[in-house]
Amino acid sequence: MSNPQKKRNFQIEAFKHKVVVDPKYADKTWKILEHAIHEIYNHNASGLSFEELYRNAYNMVLHKFGEKLYSGLVSTMTAHLKEISKSIEDSQGGLFLEELNRKWNDHNKALQMIRDILMYMDRTFIPSTRKTPVHELGLILWRDNVIYSPKIRSRLLDTLLELVLQERTGEVINRGLMRNIIKMLMDLGSSVYQEEFEQPFLDVSAEFYKGESQKFIESCDCGEYLKKAEKRLNEEIDRVTHYLDAKSEVKITNVVEKEMIANHMLALVHMENSGLVNMLLDDKYEDLGRMYSLFRRVPNGLSTVRDVMTSHIRDIGKQLVSDPEKLKDPVEFVQRLLDEKDKYDGIIGSAFGNDKTFQNALNSSFEYFINLNPRSPEFISLFVDDKLRKGLKGVSEEDVEVILDKVMMLFRYLQEKDVFEKYYKQHLAKRLLSGKTVSDDAERSLIVKLKTECGYQFTSKLEGMFTDMKTSQDTMQGFYSSHPELSEGPTLTVQVLTTGSWPTQSAVTCNLPAEMSSLCEKFRSYYLGTHSGRRLSWQTNMGTADVKATFGKGQKHELNVSTYQMCVLMLFNTCDRLSYKEIEQASEIPAVDLKRCLQSLALVKGKNVLRKEPMSKDVGEDDVFFVNDKFASKFYKVKIGTVVAQKESEPEKQETRQRVEEDRKPQIEAAIVRIMKSRRVLDHNNIIAEVTKQLQSRFLANPTEIKKRIESLIERDFLERDSVDRKLYRYLA
Amino acid sequence: MGIQGDRVRFNVGGRRFETSATTLANAGRDSFFGALFDRNWSLQTDVSSDIFIDRNPDCFAVLLDLLRTGEFCIPANVSEKSLYREALFYGVLDHVRDAKWGQLDGNRLQYSRSVSGQAPGDGTAIRASPNGGCCVVHGSMVHVYNWMLEEHPPINLDFQRVNDAGWIDSENIVITACERLGTGDGGMGLFNASTGELRYKFSVSHEDQEKSYTAGALTFSSDYRVFSSCKGRRNEYGIGVWDQITGKQIDFFYETPGWPLGDADRLQWLSGYNCLLVATLFPRKDNCYISLLDCREKDPVWYWSDVGMPTNFDEKRVRDVIAMEGKNSVCVVNEYEDLGFMDLRRVAGSVRWSSRSRMTKGKMPDEPCYPKLALHDSQLFSSMSDSISVFSGPDCVPTSRLRRSYGGSICDFSIGGDRLFALHSEENVFDIWETLPPSII
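Protein chains in written order, with the UniProt record's numbering: chain A, 1 to 733; chain B, 1 to 441.
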């Protein structure tokens, strides 16, 4: 405010002021307030006038006696608290806590009233002099005079800890009183709570649980122990919610976790007859779930569980894939893998909370042992083959999807995906050509899945096979409509297969019966007439034929046979008796196939349309064959199977292997060139690493093979070695 | 005593009042009335006698009315000062403040009053406190006013020239000052607002050696950090960071050559970006440099400068900067009060000057003051010569203009505690603008 200067000269209030003030004013006023504080502590406040006391305290502050008021308050309150402290010290045994609680409540109430009287001081004098506000002061004085009193301090702690111990041993204690006392410690500041109760409480608890866990581990099995540990943990959490500071929960649970779980982790997991492996074997979801939720609380807990589970799965898996007994039936083999996977998916799902790290561990274990057996790709393809041939009949679309998804999951584990592709192609070709596939939708669905997994390149040939089938149908329709005269006589169905899309076959064509070969020639000229620049070669090893046959006593049957078998049977139209050599010469069927074909015609009981002399179990070079006039069957149509080894025989396996290796070469080379084109210069180790990485979605490239390919590329001037550093390769554009 | 049901009878300084306990409850527990009616004090239930309070009845009437209606009206026979004194006695001073003015709205501001001081020379800066007080910088002194505009003891830092001041809260002020060579005087200190007492000085250490320095622009973050631009004697140019509570130095961003930080004119903490806006402007430097520092990475995440702009650029020279987090933009103003905007999400963009029709076109005042910017909620304020413009809405269109002819140009203004303070350059006077409390009817 802008006061004119001259007015100040007449200000004489200050002088008057001093005269009015009674020199003993401050003492007198303080006496009144001091008396009031006494009365408040003595529960005798009903005679006091709040207005008068408030005004007195106000006046003391206004007249600059704030300091006197404040120090008076400190000493008066201290004196009362000392008295209170004495009466608490004198309380008998069990009444100690109750007395403390009662006095604490009294003090709080008195403090509130004192603060009311001194509100003006609290508002003005205290902030400007940076003194402790009245309420806080009351707490500090209580702490220093009561809680820190030597006769109370240790007695309080002992009493509290004793009560906790009683509760742990199953007795019922006065939780309300306990809560009030703990609340008091917390009100006095978090450090008071921590020092006067929390830390000693944690120490004592650690000691308690150390002893108890030792006792349990000696007397309980794993599941039982975990149940007890869980119960203790919940009890402690319950205790915190009932009467401790919420912040203590983490600390006390840490103690229990450390003493009951972390310190006994290995002993629990490996406990004989009841440890983790037994739980896994017996599908003990509840125990496993408990183990998971307890172990996840401690450092390295889950990794311990995971490691044991992983090595267990690997052991089991190794047995599965290496036990020769279990390798006999590929379908069974794959089904066992799937069952094992289902089992662990179930455990991880319901007991391990779908933990990602456990899923990863499961996946890596499967990847590990599936690839231990080099025949896994073949077997998985055979499993699919089995399912698609007959296994899916009458199964709903969703279930088909489920099965296919499971197969894809196994497929993902395969390192040699190209080997799988090889087999899959072979099996698919057989299914398509023999018309054995159950569901076109299922076939296509699986190809889509493979495509999303491995890309277009992987499935383009498989898709080409489907296209060929479709085009062939159209071609056959065209052929017959342009040759109406052919409706009489034998019917020919040709499937035109694009070279390269289909598994390569040795293209040895046998001699077809005259009727058939003329028909084939007609088709050839029709096809080449409509498609110029193509070459047709007959894959007689893959076809089938329906042959009408009349036997000695006039029995008529329609025989469903392979093309080779048809050729053999047709030979018997002209003579009754043929030797092996004669058949071989006339038909020009490769020996292996011919033997197999004769076996199925002459040696399968009940379906032997031919007889053989001598009657032995194998077909020999000197055997002679006759038509079996006594052939009989309940059915008109008879299917003559070919004796085919479902699994590949050892030489076949070698061959496939070789083909795969052969196919890998260009892929490795392409990868090397791609990498070098972009990097220009790279050292040997890095090339190996990058090539392996690029190709791992298809197969695991062999470093030695990569090295060979690099050598070959150097020979062909795609790459050169650096003249100084021989480990460096350069790309030659 | 004077309680019957809800009714309460008082005898205040000889005059009788009758009111209800409900009305008095509005004062809250932490007041004279709150304590009076607490059951601890079990008032005697003697209906015949009134509750006696030995205070001024005229003031009591006003304050009782405040509790009844929430309105604060000062009658002619009572001084404002005595009302504040009585309100402090009853513990309802906060109620008085809340009733005096409402939430600040730039478009509903009313001139409340002016305060003039005795300091020699021009004021250089004014800063509003969070509860409606303010402090004014005059050379080496800082004058502090509480919300009742009573002056507290003034503050100085070794009587060095003060560059900036800021309120950490309504009780604590930080001021930054020039260093006095070789003495360790100056720098930056934290003061008690009501007593003017120095709590501690903020020190700057380089390689474990304490250095004296000149502190410039100042800002605070919500996580209790203090930032200030610092100039030391040698390489100690940059932005210092301290803890508000302990006063200890936490960090120091050294400036890099070609990008000044140490004598920045404006710092602004952007809590949403967790970044510090630093602006060094003309005429302190020949060019203008604005950057956004990421305190953890110690890297500028956004920057702009007019280095290399065409020569006729003078007209568009940036005079003040403010970041508007809500709009993800930086607002700048030139000396003709043209506003320009830059997108904070695009580094090294250009300024989009708004070509609004200038309201102040025409003659410049004799003693011009460069424009300054401030932000309140979503409203932008800009001072230019003797008036302050208010811009609202997403496109910052001009919506109000505050002007008082007395005192000359406005050299600085500040918004805080729902009040706007404007400091004039020619006379030693500052104005207070307030928004009235919401009307009752």
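Do not take every clue at face value.
[Unchecked claim] As a list, the in silico DSSO-like pairs of lysine-lysine whose alpha-carbon atoms are at most 27 Å apart: (1) B:Lys-201 - B:Lys-211; (2) A:Lys-247 - A:Lys-231; (3) B:Lys-211 - A:Lys-131; (4) A:Lys-28 - A:Lys-86; (5) A:Lys-131 - B:Lys-201; (6) A:Lys-151 - A:Lys-68; (7) A:Lys-556 - A:Lys-634; (8) B:Lys-201 - A:Lys-64.
The set of hints was computed from the structure by calculation and includes no laboratory data.
Status of each hint after checking the structure:
no. : hint                  : verdict
1   : B:Lys-201 - B:Lys-211 : holds, 12 Å
2   : A:Lys-247 - A:Lys-231 : holds, 20 Å
3   : B:Lys-211 - A:Lys-131 : violated, 33 Å
4   : A:Lys-28 - A:Lys-86   : violated, 30 Å
5   : A:Lys-131 - B:Lys-201 : holds, 21 Å
6   : A:Lys-151 - A:Lys-68  : violated, 32 Å
7   : A:Lys-556 - A:Lys-634 : holds, 11 Å
8   : B:Lys-201 - A:Lys-64  : violated, 30 Å
Checked against the numbered hints above, the structure violates hints 3, 4, 6 and 8; every other hint is satisfied.
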